[in-house]
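Visitor: Read off the chains here:
Protein chains: 2
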Amino acid sequence: MTATDPQGAPIDPRVEALVNDLISRVADKWTMIVLEVLAAQGEMRFTVLGQHIPGISQKMLTQTLRAMERDGLLIRTIHPVIPPRVDYRLTDLGLGLGDAFCGVWRWAERNLTQIEAARHRFDSRP
Amino acid sequence: MTATDPQGAPIDPRVEALVNDLISRVADKWTMIVLEVLAAQGEMRFTVLGQHIPGISQKMLTQTLRAMERDGLLIRTIHPVIPPRVDYRLTDLGLGLGDAFCGVWRWAERNLTQIEAARHRFDSRP
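Residue numbers (this note's numbering), protein chains in the order written: chain A, 1 to 126; chain B, 1 to 126.
Worth flagging that the hints you see were computed from the coordinates, not collected in a lab.
Here the structure is a predicted model, which is why all the values come from computation and not from measurement.
Some hints here could point you the wrong way.
Calculated from the model, a selection of chain A residues having no Cβ within reach of chain B, i.e. all distances over 10 Å [stated by the list, open to error]:
| no. | residue |
| --- | --- |
| 1 | L18 |
| 2 | E43 |
| 3 | M44 |
| 4 | F46 |
| 5 | T47 |
| 6 | K59 |
| 7 | M60 |
| 8 | L61 |
| 9 | G72 |
| 10 | I78 |
| 11 | I82 |
| 12 | P83 |
| 13 | P84 |
| 14 | R89 |
Partner residues aside, some chain A positions facing chain B, computed with beta carbon under 10 Å [to be verified]:
| no. | residue |
| --- | --- |
| 15 | D71 |
| 16 | L73 |
| 17 | G96 |
| 18 | L97 |
| 19 | A100 |
| 20 | F101 |
| 21 | G103 |
| 22 | W105 |
| 23 | N111 |
| 24 | I115 |
| 25 | E116 |
| 26 | A117 |
| 27 | R121 |
| 28 | F122 |
Label-pair ranges, simulated between beta-carbon atoms [to be verified]:
| no. | chain 1 | residue 1 | chain 2 | residue 2 | range |
| --- | --- | --- | --- | --- | --- |
| 29 | B | V86 | A | V48 | 22 to 28 Å |
| 30 | B | H120 | A | Q58 | 26 to 32 Å |
| 31 | B | E43 | A | A17 | 26 to 32 Å |
| 32 | B | Q41 | A | H120 | 28 to 34 Å |
| 33 | A | I75 | B | I75 | 45 to 51 Å |
| 34 | A | Q58 | B | Q58 | 45 to 51 Å |
Think of the CB as a built atom: it goes at the ideal place given N, C-alpha and C, for glycine as much as any other residue.
One chain only, chain A, in its complex shape (with noise of 0.2 Å):
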């Protein structure tokens, strides 16, 4: 028998891959946040951007920025003015994974006590 995918169709290796890769990717607070705060303001610029997420470095915000470049999730709009300014927006590609996880958060916002309770429950056996 092989691994099959909610279908029931087996599973292509290169997705099983590619899907681990995005969610521990996702799972990363950071991309999640980027993903929610581009989606709801548009383009913006490196700075602003910044700005909205607090708590994250000027170091991480790249890396995280060129990790979603990179896969096609944004596009880095380099405008040629003095001093130089950087915008970023979500392609269609990135919005559909943000579409794709709200699903995710909402289930865990929704469930967090139940999950809290069984969690108790469970540590909580003889």
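Put chain B on the given structure of chain A with help from the hints.
Guide: Frame of chain A; chain B shown alone:
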């Protein structure tokens, strides 16, 4: 400014911690595959479940099932027969999480080629 959820409401830090925790858990491919197999097959015995998940060790399957049980994602039923029989099935909570993650899975399947192409373009820049 504070971090906001996709609807623009402030993020509850407990929700954020839970989302990060759950996503990194399900990023684990074994949890994802257990969710899929049990969603498709209903209740299963430990040994049969293991046969549906090629490559998983008995120890890893035990650990994965225990973590999912603790979160209230599945129910473990011990039948008092000799030898004892143990069955696993998803709770409504587990089925809901499977559905929510299904969107991410489908997104990755749909966009695999596009992401690989974006990475290739990015990596071959001068």
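Visitor: All the hints need checking, so say for each whether the structure fits it.
Guide: Results for each hint:
1. For L18 (chain A), the requirement that its beta carbon stay farther than 10 Å from each beta carbon of chain B is not met, with the minimum near 5 Å.
2. With a least beta-carbon separation of about 18 Å from chain B, E43 (chain A) lies farther than 10 Å from that chain, consistent with its non-interface assignment.
3. The non-interface label for M44 (chain A) is consistent with chain B: the shortest C-beta to C-beta separation is roughly 12 Å, beyond 10 Å.
4. In this structure F46 (chain A) is separated from chain B by more than 10 Å, as the shortest Cβ-Cβ distance comes to about 16 Å.
5. Against the 10 Å criterion, T47 (chain A) stays outside the reach of chain B, whose nearest CB is about 13 Å from its own CB.
6. Every CB of chain B lies more than 10 Å from the CB of K59 (chain A), the least distance being 19 Å, so the non-interface label holds.
7. With a least beta-carbon separation of about 14 Å from chain B, M60 (chain A) lies farther than 10 Å from that chain, consistent with its non-interface assignment.
8. For L61 (chain A), the condition that its CB be more than 10 Å from all CB atoms of chain B holds, with the nearest at approximately 13 Å.
9. A cut-off of 10 Å between C-beta atoms contradicts the statement that G72 (chain A) is not in contact with chain B; the least separation is 3 Å.
10. No Cβ of chain B approaches the Cβ of I78 (chain A) within 10 Å, the least distance being about 13 Å, so the stated non-interface status holds.
11. The beta carbon of I82 (chain A) is kept farther than 10 Å from every beta carbon of chain B, the shortest such distance being approximately 24 Å.
12. Distance to chain B confirms P83 (chain A) as a non-interface residue, since its nearest Cβ pair spans about 23 Å, more than 10 Å.
13. No beta-carbon of chain B is positioned within 10 Å of the beta-carbon of P84 (chain A); the least distance is around 18 Å.
14. Every CB of chain B is more than 10 Å from the CB of R89 (chain A) (nearest about 15 Å), matching its label as outside the interface.
15. For D71 (chain A), the suggested interface contact is upheld, since its CB lies about 5 Å from the closest CB of chain B, less than 10 Å.
16. Of the supplied interface hints, the one on L73 (chain A) holds, with its beta-carbon coming within about 8 Å of a beta-carbon of chain B, less than 10 Å.
17. For G96 (chain A), the shortest C-beta to C-beta distance to chain B is roughly 6 Å, which falls under 10 Å, so the interface hint holds.
18. The restraint placing L97 (chain A) at the interface with chain B holds, with a minimum CB-CB distance near 6 Å, inside the 10 Å limit.
19. At a threshold of 10 Å, the smallest CB-CB gap from A100 (chain A) to chain B is about 4 Å, leaving the interface hint in force.
20. Below 10 Å, beta-carbon pairs count as interface contacts, and F101 (chain A) has one with chain B at about 6 Å; its hint therefore holds.
21. The closest approach between the C-beta of G103 (chain A) and any C-beta of chain B is roughly 4 Å, which is under the 10 Å cut-off, so the hint is satisfied.
22. Satisfaction of the interface hint for W105 (chain A) is found here, the shortest Cβ-Cβ separation to chain B being roughly 6 Å, below the 10 Å cut-off.
23. At about 6 Å, the closest approach between the beta carbon of N111 (chain A) and any beta carbon in chain B falls short of 10 Å, and the interface hint on this residue holds.
24. For I115 (chain A), the interface hint holds, the least distance from its beta-carbon to any beta-carbon of chain B being 5 Å, beneath 10 Å.
25. With its C-beta approaching chain B no nearer than about 8 Å, E116 (chain A) sits inside the 10 Å limit, and its interface hint holds.
26. Taking 10 Å as the C-beta contact cut-off toward chain B, the hint placing A117 (chain A) at the interface holds, the least distance being around 8 Å.
27. Because the beta carbon of R121 (chain A) sits about 8 Å from the nearest beta carbon in chain B, less than 10 Å, this interface hint is met.
28. Interface restraint check for F122 (chain A): the shortest CB-CB distance to chain B comes to about 4 Å, inside 10 Å, so the restraint holds.
29. Checked against the given bound of 22 to 28 Å, the beta carbons of V86 (chain B) and V48 (chain A), roughly 55 Å apart, lie outside it.
30. Distance hint check: the CB atoms of H120 (chain B) and Q58 (chain A) are about 28 Å apart, consistent with the given range 26 to 32 Å.
31. E43 (chain B) and A17 (chain A) have their C-beta atoms about 30 Å apart, which keeps the hinted 26 to 32 Å range intact.
32. The hinted window of 28 to 34 Å between Q41 (chain B) and H120 (chain A) holds, with their beta carbons roughly 29 Å apart.
33. Between I75 (chain A) and I75 (chain B) the beta carbons are some 46 Å apart, a value that agrees with the proposed interval 45 to 51 Å.
34. For the pair Q58 (chain A) and Q58 (chain B), the beta carbons lie near 47 Å from each other, so the given range of 45 to 51 Å is met.
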